[in-house]
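Asks: Sequence:
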Amino acid sequence: MSDCYINGIASISAQPTTDPDTFLEDIISHKESIFRSHDPNYKEFIKPAAMRRMSKSVKMGVTAASMALNNSGVDMPDAIITGTGMGCKQDSEKFLENVLNNDEQFLTPTLFIQSTHNTVGGQVALGLGCKAYNVTYVQGAASFEASVMDAQLMLSEESGKNILVGGIDEVAKNSTLLHKLDGQIKDDDINVIDLLDSETSGTVASEGATFMVLGGQKTEKSIAKLIDVETVSAAKPDEIKIYIEKFITQNKLSIDDIDAVVLGNNGDVIYDNYYKNLQSSIFSKIEQLGYKHLIGDYHVASSFGFWLGCKVFKTNHVPDVLKVNDITAKKYDNILLYNQYLGKNHSIALLQRC
1 MSDCYINGIA SISAQPTTDP DTFLEDIISH KESIFRSHDP NYKEFIKPAA MRRMSKSVKM
61 GVTAASMALN NSGVDMPDAI ITGTGMGCKQ DSEKFLENVL NNDEQFLTPT LFIQSTHNTV
121 GGQVALGLGC KAYNVTYVQG AASFEASVMD AQLMLSEESG KNILVGGIDE VAKNSTLLHK
181 LDGQIKDDDI NVIDLLDSET SGTVASEGAT FMVLGGQKTE KSIAKLIDVE TVSAAKPDEI
241 KIYIEKFITQ NKLSIDDIDA VVLGNNGDVI YDNYYKNLQS SIFSKIEQLG YKHLIGDYHV
301 ASSFGFWLGC KVFKTNHVPD VLKVNDITAK KYDNILLYNQ YLGKNHSIAL LQRC
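Going by the numbering used here, the first residue of the sequence shown is number 1, and it counts up by one from there.
Be aware that a few hints might be false.
[Stated by the list, open to error] Computed beta-carbon distance windows for the label pairs: (1) THR200 - ASN277: 15 to 23 Å; (2) ASP197 - GLN105: 25 to 33 Å; (3) ILE27 - GLY183: 23 to 31 Å; (4) ASN325 - THR200: 20 to 28 Å; (5) ILE28 - ASP257: 33 to 41 Å; (6) LYS47 - ASP182: 24 to 32 Å.
[Claimed, not checked] Under the rule of at most 30 Å between Cα atoms (straight-line distance), these lysine-lysine pairs were calculated in the DSSO-like manner: (7) LYS43 - LYS221; (8) LYS323 - LYS285; (9) LYS43 - LYS173; (10) LYS221 - LYS323; (11) LYS31 - LYS43; (12) LYS173 - LYS241; (13) LYS330 - LYS218; (14) LYS173 - LYS47; (15) LYS47 - LYS225; (16) LYS285 - LYS225; (17) LYS161 - LYS218.
None of these hints come from the bench; they were simulated from the model.
Note that this is a predicted model, so its numbers are computed, not measured.
Here a beta-carbon is modelled for each residue, glycine too, at the ideal position from N, C-alpha and C.
Given the sequences, and given the hints that come with them, work out the whole structure.
Replies: See the structure below:
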C-alpha cells in the first residue's frame with residue numbers, strides 16, 4: 001500500500017473538541033445513558049436557510065468536513081467517502097411518523113430524501129460543489145474503517161489526490177431507545193466519566209462526526225502517517241490477540257515499538273473482556289488510552305480515536321482523563337488503535353508521527 005497521510009482532521013463529539021487550540025482541558029460530565037453531542041456554532045459553517053432543513057447528523061457532518069478541509073488547506077477534495085452505522089435516523093423517524101399520521105397520503109419527499117445513509121456525503125458535496133467520487137459505507141462499527149480503506153486504495157492508484165473521509169452517527173428518539181430495549185444501552189443512567197469501571201452490561205449512547213483529509217504526499221499540514229487499517233468481522237477474545245500481533249508484524253514493527261494504544265472500552269461487562277485480555281497481556285507495558293467514558297459509544301465512535309491519536313502527535317501530551325493505566329510513554333511515534341462492538345466488527349489501525 002502506498003503512503004497515506006492525515007493532512008487535516010476535525011471532530012464533533014459530546015466534549016468540546018472543535019477548538020484546535022485545546023485538548024480536553026474542560027470536560028463535560030454526562031450523567032445519562034443517552035446524551036447528545038456538544039455543538040459548535042454551526043452558523044459559522046452553514047447558511048441559516050440551509051441549516052433549518054438539516055438533521056443533526058447533516059449539520060455535524062458538513063461542519064466537521066469544513067473544519068477538516070480548512071485545517072488541511074484543501075479547498076476541493078478529489079473524493080468524499082463517508083461511513084455511518086445507522087444513517088440519518090432522525091429524518092427516517094420523522095418520515096415514518098408522517099406516513100402513519102397522514103394515512104400514507106400528502107407526504108412531502110424532503111424527509112425521505114434526507115433520510116438515506118448517503119445524505120451527509122451528498123450534502124457535503126453540494127456545499128462544496130464537488131462532483132467527484134462520492135461513496136458511503138454502512139458496515140456497522142467498522143463503517144469508518146471501511147471508508148478509510150477505500151481511500152487508501154484510491155491513493156495507491158493516484159497518490160496526488162486529496163480525499164475527504166468521515167464518520168457520522170446521531171441519536172434519535174425511537175431507534176436509539178430500541179437499542180436500550182435489546183440491552184445494547186444500560187438500563188440505568190450512569191456518571192459517564194466512571195463508565196470504564198462499570199460492572200453491568202450495555203454501554204452509553206451518544207453521537208458525533210469526525211472527518212479527515214487523506215493525501216498520498218506529505219505536506220506542511222501533515223499530522224500523522226496512516227500506516228495500515230484492518231478489520232475483522234468476528235473473533236473470540238483469545239483470537240484477537242493473534243490478529244493484532246500479526247498486524248503489527250506485517251507492518252515491520254514489534255509490540256515494543258508501540259508507544260500508546262487507544263482502546264474502545266465502553267463499560268459493557270460482557271464485551272470489554274476483548275480489551276481487558278489485551279490490557280493484561282500484550283499491552284501490559286504500553287500506555288493505554290480510552291475515550292468512550294468521555295464521548296459515549298456509537299457505530300463510528302472509533303473515528304474519534306483517529307482524532308485523539310492526531311492530537312497526541314500534535315501536542316506530544318496525553319490528558320490524564322484519557323489514561324487507563326499508570327504508564328506514560330517516553331515518546332509518541334507509533335499509536336495503535338483497536339475497537340470492537342458486541343464482539344463483532346473489530347478494527348485495528350496504526351498511526352505514525354510524521
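Asks: Now, for every hint given, state plainly whether the structure supports it.
Replies: Quick rundown of the hints versus the structure:
{"no.": "1", "hint": "THR200 - ASN277: 15 to 23 Å", "in the structure": "holds, 19 Å"}
{"no.": "2", "hint": "ASP197 - GLN105: 25 to 33 Å", "in the structure": "violated, 52 Å"}
{"no.": "3", "hint": "ILE27 - GLY183: 23 to 31 Å", "in the structure": "holds, 28 Å"}
{"no.": "4", "hint": "ASN325 - THR200: 20 to 28 Å", "in the structure": "holds, 22 Å"}
{"no.": "5", "hint": "ILE28 - ASP257: 33 to 41 Å", "in the structure": "holds, 35 Å"}
{"no.": "6", "hint": "LYS47 - ASP182: 24 to 32 Å", "in the structure": "violated, 39 Å"}
{"no.": "7", "hint": "LYS43 - LYS221", "in the structure": "holds, 26 Å"}
{"no.": "8", "hint": "LYS323 - LYS285", "in the structure": "holds, 13 Å"}
{"no.": "9", "hint": "LYS43 - LYS173", "in the structure": "holds, 24 Å"}
{"no.": "10", "hint": "LYS221 - LYS323", "in the structure": "holds, 27 Å"}
{"no.": "11", "hint": "LYS31 - LYS43", "in the structure": "holds, 28 Å"}
{"no.": "12", "hint": "LYS173 - LYS241", "in the structure": "violated, 37 Å"}
{"no.": "13", "hint": "LYS330 - LYS218", "in the structure": "holds, 25 Å"}
{"no.": "14", "hint": "LYS173 - LYS47", "in the structure": "holds, 26 Å"}
{"no.": "15", "hint": "LYS47 - LYS225", "in the structure": "violated, 34 Å"}
{"no.": "16", "hint": "LYS285 - LYS225", "in the structure": "holds, 24 Å"}
{"no.": "17", "hint": "LYS161 - LYS218", "in the structure": "holds, 12 Å"}
The earlier numbered hints that this structure contradicts are 2, 6, 12 and 15.
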